[in-house]
Amino acid sequence: MADRDTDALTGIETTGHEWDGIKELNNPLPRWWLYLFYATIIWSIGYFIVYPAWPTLSTYSKGVIGYSSRAELDRHMEEVKASRSAWLERFEAASVDDIVGDTELLQYAMAGGRTIFADNCAPCHGAGGAGAKEYPILADDDWIWGGTPEAIYTTLLYGIRSGHDDALESEMLRFGEDEILEPAQIEAVADYVLSLSGNGAASEEGQEIFLEQCVACHGEDGTGVADFGGPNLTDGIWLYGGSREAVISQINAPRHGVMPAWIDRLDDVSIKQVSVYVHALGGGE
Amino acid sequence: MNHRILERNVILLAVAILLTVAIGGLVQLVPLYTMEVTIEEVEGVRPYTPLELAGRNIYVREGCYLCHSQQIRPFRDEVERYGHYSLAAESMYDHPFQWGSKRTGPDLARVGGKYSNEWHVAHLIAPRSLVPETVMPAYPFLAEKELKFDDAADHLRTLRMVGVPYTDEQIENALDDIANQANGEEFDPDALLERYPKAVIGDFDGDPERVTEMDALVAYLQMLGTLVDFTAVQPEQLYR
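Heads up: the protein sequence lines correspond to chains A and B, in order. Going by this note's numbering, the first sequence opens with residue 1, and the numbers climb by one from there. Going by this note's numbering, the second sequence opens with residue 1, and the numbers climb by one from there.
In short, the hints are calculated from the structure, not lab data. Given the structure is predicted, the values throughout are model-derived calculations rather than measurements. In this text, a Cβ means the ideal position worked out from N, Cα and C, and glycines have one as well. It is possible that part of the hints are untrue.
To spell it out: a stretch of chain B is covered by chain A in this simulated footprint if at least three of its residues, at any positions, have a beta carbon under 8 Å from a beta carbon of chain A; those stretches are [said to hold, decoys possible]: (1) 31–45; (2) 65–76; (3) 123–130; (4) 148–162; (5) 208–215.
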């Protein structure tokens with residue numbers, strides 16, 4: 001061992017290590033620190049016994065209380081459900097129309113619906129349902145697929161062109177691409193469509209083509225047919241833009257919005273709540 | 001105690017350090033491989049399709065993991081927001097896994113099916129056109145860059161070497177399967193679905209003429225967290 005001598009100034013033994021004449025004092029660890037250290041070691045033994053800790057060849061020690069973070073989560077979720085059960089049962093039993101008619105449930109649904117909307121819907125429909133290009137405004141009373149609480153609920157359950165078996169489906173024909181209409185006819189009917197919302201004048205030809213080709217989905221007066229998802233063309237609210245080019249392009253080679261189905265992502269009570277919330281946003285039908 | 005010998009011989013010191021660290025590491029790591037309970041036994045998890053794999057590589061290349069985790073922890077706030085907590089089984093074919101450690105944006109472990117392809121494309125090209133307050137960077141070049149993945153078969157082969165069970169058939173058809181998945185009807189989606197159940201097929205980026213990096217990335221995003229059928233699993237089976 002190196003030479004341990006005693007430091008003259010403090011009277012404390014040195015460790016015997018020396019660097020260029022500088023020596024290290026061998027002070028003992030503070031007592032409180034040392035005992036705390038021993039205590040943590042003893043604590044850890046208890047931890048090993050109580051909690052899952054020690055790997056064995058094919059599994060691991062489960063600990064005497066059988067703790068599992070996943071089991072704990074499930075227990076916690078059960079508790080949450082139980083604490084909400086009075087409400088949940090009422091929501092489960094109620095139709096969306098019932099909820100709209102019941103001020104107490106409505107209030108509760110509005111609070112829940114707002115959170116669900118912000119998480120799941122706002123990225124497409126904008127904060128508060130303000131809409132974005134290609135994503136309909138939900139905070140108005142212009143509905144493509146119907147604005148009753150039941151219609152909104154159905155839209156949410158299965159989605160629109162979502163690939164779900166019960167999804168709302170409807171495809172506008174590719175009037176230009178598939179050469180159903182001549183370019184000149186398309187321009188004429190586009191002018192007619194624009195005139196429906198008070199933009200410019202339309203020719204008689206345009207009106208004729210519209211009555212022949214478009215009324216099934218957009219209605220005789222152009223105000224839309226919810227069953228076929230044909231939007232109202234008279235209100236100046238456009239999914240794909242209200243310029244002449246945009247309207248012509250839609251008639252040429254239509255675009256179709258896709259909305260996911262929520263039935264497999266959200267539970268039924270959540271879908272009811274957000275339906276009611278959306279209904280209230282737009283002063284629904 | 002006599003440290004002198006160790007402390008005065010660099011090589012000996014290095015060897016001793018290596019030994020000590022190796023023992024510590026082995027004790028922690030080896031049991032994870034031998035324990036039969038590490039990976040849950042659930043149905044549905046399959047290796048990535050070549051297109052998804054290409055998308056995954058782009059995800060890693062662009063550093064999406066720096067802002068997005070892919071790991072839903074078993075806490076109430078997380079499962080209420082994102083869905084079922086993540087399983088080890090769901091990342092057993094990930095090399096390397098994309099659990100991440102930072103959530104500037106939301107967790108993506110179950111983002112598959114949450115949005116439409118059109119939304120993903122528009123969002124990746126210009127995030128602020130849809131979410132005005134977002135800090136996510138724009139990736140418009142992905143829609144312009146043609147996907148270069150001629151060596152897809154080699155990628156699958158390499159992954160097979162580290163334990164991903166790609167079959168010879170899957171490796172042979174790697175290039176076809178990229179076309180099958182990205183171009184939909186014209187090719188043979190059924191063969192793809194047989195090789196890779198639940199694969200999302202479509203013309204993801206809206207340009208049927210070519211397969212871009214955008215196609216690959218969106219195909220990857222659309223399958224995240226969708227493989228396991230949780231209705232067929234008893235919660236108790238997953239307790240760890």
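Here is how each hint holds up against the structure:
no., hint, verdict
1, 31–45, "holds (count 6)"
2, 65–76, "holds (count 3)"
3, 123–130, "holds (count 3)"
4, 148–162, "violated (count 0)"
5, 208–215, "violated (count 0)"
Comparing the model with each numbered hint stated earlier shows that hints 4 and 5 do not hold.
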